[in-house]
Every structure is written in structure tokens, then in C-alpha cells.
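If you want the building blocks of each chain, they are given just below.
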Amino acid sequence: RSGEMAKLAQLIDNDVFRAYATYATIVLLKMMLMSLITAYFRITRKAFVNPEDTASFGKGESAKKFLRTDPDVERVRRGHLNDLENIVPFLGIGLLYALSGPELSTALLHFRIFTGARVLHTFAYLIPLPQPGRGLSWAVGYAVTISMAYKVLKTGLFL
Amino acid sequence: RSGEMAKLAQLIDNDVFRAYATYATIVLLKMMLMSLITAYFRITRKAFVNPEDTASFGKGESAKKFLRTDPDVERVRRGHLNDLENIVPFLGIGLLYALSGPELSTALLHFRIFTGARVLHTFAYLIPLPQPGRGLSWAVGYAVTISMAYKVLKTGLFL
Amino acid sequence: RSGEMAKLAQLIDNDVFRAYATYATIVLLKMMLMSLITAYFRITRKAFVNPEDTASFGKGESAKKFLRTDPDVERVRRGHLNDLENIVPFLGIGLLYALSGPELSTALLHFRIFTGARVLHTFAYLIPLPQPGRGLSWAVGYAVTISMAYKVLKTGLFL
Numbered sequence: 413r414s415g416e417m418a419k420l421a422q423l424i425d426n427d428v429f430r431a432y433a434t435y436a437t438i439v440l441l442k443m444m445l446m447s448l449i450t451a452y453f454r455i456t457r458k459a460f461v462n463p464e465d466t467a468s469f470g471k472g473e474s475a476k477k478f479l480r481t482d483p484d485v486e487r488v489r490r491g492h493l494n495d496l497e498n499i500v501p502f503l504g505i506g507l508l509y510a511l512s513g514p515e516l517s518t519a520l521l522h523f524r525i526f527t528g529a530r531v532l533h534t535f536a537y538l539i540p541l542p543q544p545g546r547g548l549s550w551a552v553g554y555a556v557t558i559s560m561a562y563k564v565l566k567t568g569l570f571l
Numbered sequence: 413r414s415g416e417m418a419k420l421a422q423l424i425d426n427d428v429f430r431a432y433a434t435y436a437t438i439v440l441l442k443m444m445l446m447s448l449i450t451a452y453f454r455i456t457r458k459a460f461v462n463p464e465d466t467a468s469f470g471k472g473e474s475a476k477k478f479l480r481t482d483p484d485v486e487r488v489r490r491g492h493l494n495d496l497e498n499i500v501p502f503l504g505i506g507l508l509y510a511l512s513g514p515e516l517s518t519a520l521l522h523f524r525i526f527t528g529a530r531v532l533h534t535f536a537y538l539i540p541l542p543q544p545g546r547g548l549s550w551a552v553g554y555a556v557t558i559s560m561a562y563k564v565l566k567t568g569l570f571l
Numbered sequence: 413r414s415g416e417m418a419k420l421a422q423l424i425d426n427d428v429f430r431a432y433a434t435y436a437t438i439v440l441l442k443m444m445l446m447s448l449i450t451a452y453f454r455i456t457r458k459a460f461v462n463p464e465d466t467a468s469f470g471k472g473e474s475a476k477k478f479l480r481t482d483p484d485v486e487r488v489r490r491g492h493l494n495d496l497e498n499i500v501p502f503l504g505i506g507l508l509y510a511l512s513g514p515e516l517s518t519a520l521l522h523f524r525i526f527t528g529a530r531v532l533h534t535f536a537y538l539i540p541l542p543q544p545g546r547g548l549s550w551a552v553g554y555a556v557t558i559s560m561a562y563k564v565l566k567t568g569l570f571l
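Protein chains in written order, with this note's numbering: chain A, 413 to 571; chain B, 413 to 571; chain C, 413 to 571.
Hints listed in this document are in silico derivations from the structure and should not be mistaken for laboratory results.
Careful, some of the hints might be misleading.
Just so you know, same-sequence chains aren't split out, so a pair can sit in one copy or run between any two.
Stated by the list, open to error - With a Cα cut of at most 20 angstroms, we get these calculated EDC-like pairs of lysine to aspartate or glutamate: (1) Lys-442 to Asp-484; (2) Lys-566 to Glu-515; (3) Lys-458 to Asp-482; (4) Lys-476 to Glu-486; (5) Lys-563 to Glu-515; (6) Lys-476 to Glu-464.
Use the sequences and the hints to build the structure in full.
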């Protein structure tokens, strides 16, 4: 048992893997924040989608009018879905990349740029910034993931 | 080769990692069930979104009337998306947490509470239960994930 | 440090793990392609959802008419969401399956069928092919994931 634990510890003690663990966790926490922002806008804009969520506003028509879409709520939800679409590939490809033996400095560059790009993307979406702010921040994160995928396939291709 | 296999076996033989593998698989199977429930409601409520899905109901207007949204279908789909938004962070952060050397009992507590909370969330969404049933089950899973993220960052922060 | 690196190298050098890394990366790249196809249809169909995305088409009513939904855009988006719903379970369960010590030939069979099924699913969705083309390709990928989940739970169940 303690031998196995030591083996696992070696994985988490590896610098590249620790960097991956750090940035993957940060970017997932950022994504989870979108749920809180959605809830915040649903409550302040009084815009809900489930009838049981408006029960506290009274019965019948008085509650029903809060079952509506709100532009701010929908905007956060689009940002959240865009996070899912882009952070899931980063998680999967990034893990394999971290295990493919990259230079620490190169790996840090990938992880930091991706994380920075996704934080910028969220600000660009929620403020919102004029285009191409959101488009560029999306593209940078996308390009970083492609670059890591290339390294993974170059190192370990096994079809 | 057999040496490598032994090395991998050590990973899957580690108790914390096995517990992670078990609960991650269970919670993913639960999420996959949402696809079947969506299909069930689409077929029983005759509410489809793709024209090619209604071709067996005849041509023209007779089929077109089944291209519609249905409250039950939309409810399951919201539950499915909420699963994605919450289970993806659990998968990523939970894996890193399992590799960060937690006590087995503490790890089991995290995995079991998260899995239980997500099962409750699904029931709360589909029945539906009055609020704050769904809200609380969502918050418990969210808090468990935050707790695991804290452990990962405390153990292995590498910025 | 070099000892740890060697340990990691053993993981990526393992044939089953390399096969997982290869197919997981391919299927994630395929999913990422959906973002580009969505962008392509949004631009060619001039159908946007964010006001800031139509600013280059002029101001006021002239730009506002491009804030609309388009059947082709919505179709790609549904395919993208279906990818997320099915590829996330494959990533998580597939990783655990790869670590559960399957035969290389069995593992390759699972990974190849899943990847082929998801590529077919995308073509079936985007062309679109008549049903049950899309339904079958979805079901095949689903069944492969269930099969891997069964192996994971049989090998390492720890509740």
C-alpha cells in the first residue's frame, strides 16, 4: 500500500503534471463560476425556466410571468456552454500532453496561455467587449489545444 | 511490457484510485441515462427536432406537427446539461484529487456525497420536487467539488 | 526528477494507453471541428446570436436582422451538444478502462468502433442521412462506452 502511494505521489510530484493539475483546476473553477453567475442573473432579473423555481413568488399568473428568458441570463449560459465545448478538449488533450513528456517551460506556456485566453473570453462575453475580442480569445485557446494535440499524436500515435 | 502493465495495475489497485474509478463510472452512467430518458419522452410525447426523425409519421403536414418542443423533453434536457456542467468538473478535479494522496475515508466521503447529490438532483429535476430540493442537491455536489479542488491546489500548486 | 519522468514515460509507452491517447485526441479534435462548422454556417447564413457579432454589418435595423436562428446552424449545434454528451463519458470511462488492464486487441476494438461511430454520427447529422442512420451510429458509440464501463466496474469496483 505505501509503495503504491509513493508511486502515485511521484505522478503528482512531477512538475509538468503538477502544472497541469493546477491550471486544469483553475480553469474548471472558472467554468463552475458560470453557474453562480447564471443563478445571480436569474434571481436579479427574475427570469426562470422551471415552474417550481417561481413558486415562492406566489401562485398562478403572478408567478408565471417570471417564466421567461432574459438576454443577460442567456448570455451567461452561452458563455458556459462555450466553456464546456473548449475546456473539455483542454482537460483530455492536456492530460495526455502532460504525460507525453514535454519540456516544463513549453508545457507551462501552453497551460498559462490557455487559461488566460479562457478568462479573457469570459470577460469578453459578459461585458461584452466589441468583436474580435471574444473571437480572438476563443481562437487562442483553440490553437493552444491543437498544439498540444499535435504533440500527443507525434509522441504516442498508435492507431 | 509486463513491467509496464504491473505499473498500471498498481494505479488501478490503489484503493483511492479504484474508488474514484467506481464513482466516476457510476456518475457517468447516470448522465448517459439522460439520453435514454430524453429519447423516451421524445417518442412517447411525439416531440422531435429533426425533420428526418419524423419521416416515419408520414409526409408533409402530418409529420411536421411533431416538430415541436415538449415541456417534459425540455426538462430532461436541462437536467442533462446541468449534469455536463457539474460532472465534467468532478471528473477532472476528482482525478487530480485521487492522485493527490487523500485519506481513503476522506476520499470515499467526497465521492459518495457527490454521487448521491447528483442522483438526488436528477430525481428532484424530473419528478419535480419543490425547491429548494433541486437547489440544495446541486449545491452539495458543487461544494464537494470545491473541497476537492482546494485539496488539489494545496497539495500541488505549481503556477 | 529523471526517475519520475521515466515513470511517466512508461505510462505513455504502454500500448493500450497510447491507443487511448490517440483515439481520445482524434475524437476530441473531431468535436472541436464542430465549432468551426458552426462559425462557418453563422457567417455564410448570416445568422448570429450576439449583437456585438453583427456590428460590422452596420447599425440599428440593418444589423439587427442578422440576429436570428438558422436551421443549418442549429443542426450543427445539436451535433456538437450530442458530441459533448457522448464524448465526455468516453473520455472518462475510456481512461479508466485503459488503466484496467484490457487486452490490447480488445481495447483497440472499443476505441476504433467508438471513434468510427462518432464520425458516422456527425456525417449522419450534418448531411443529414435518413433515420435510423444517426440513431444507429449513436447507439453503437453508447454501447461501446457501456461495455468499457462494465470492464472498469468488474475490475476495480470499490464502493
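Hint check results:
1. Lys-442 to Asp-484: Within one copy only: 18 angstroms inside, 31 angstroms across.
2. Lys-566 to Glu-515: For Lys-566 and Glu-515, the Cα distance is within 20 angstroms only inside one copy (15 angstroms; across copies 24 angstroms).
3. Lys-458 to Asp-482: within (9 angstroms within a copy, 23 angstroms between copies)
4. Lys-476 to Glu-486: both (19 angstroms within a copy, 17 angstroms between copies)
5. Lys-563 to Glu-515: within (11 angstroms within a copy, 26 angstroms between copies)
6. Lys-476 to Glu-464: Only inside one copy: Lys-476 and Glu-464 sit 10 angstroms apart there, 31 angstroms across copies, limit 20 angstroms.
Violated hints: none; the structure is consistent with every hint.
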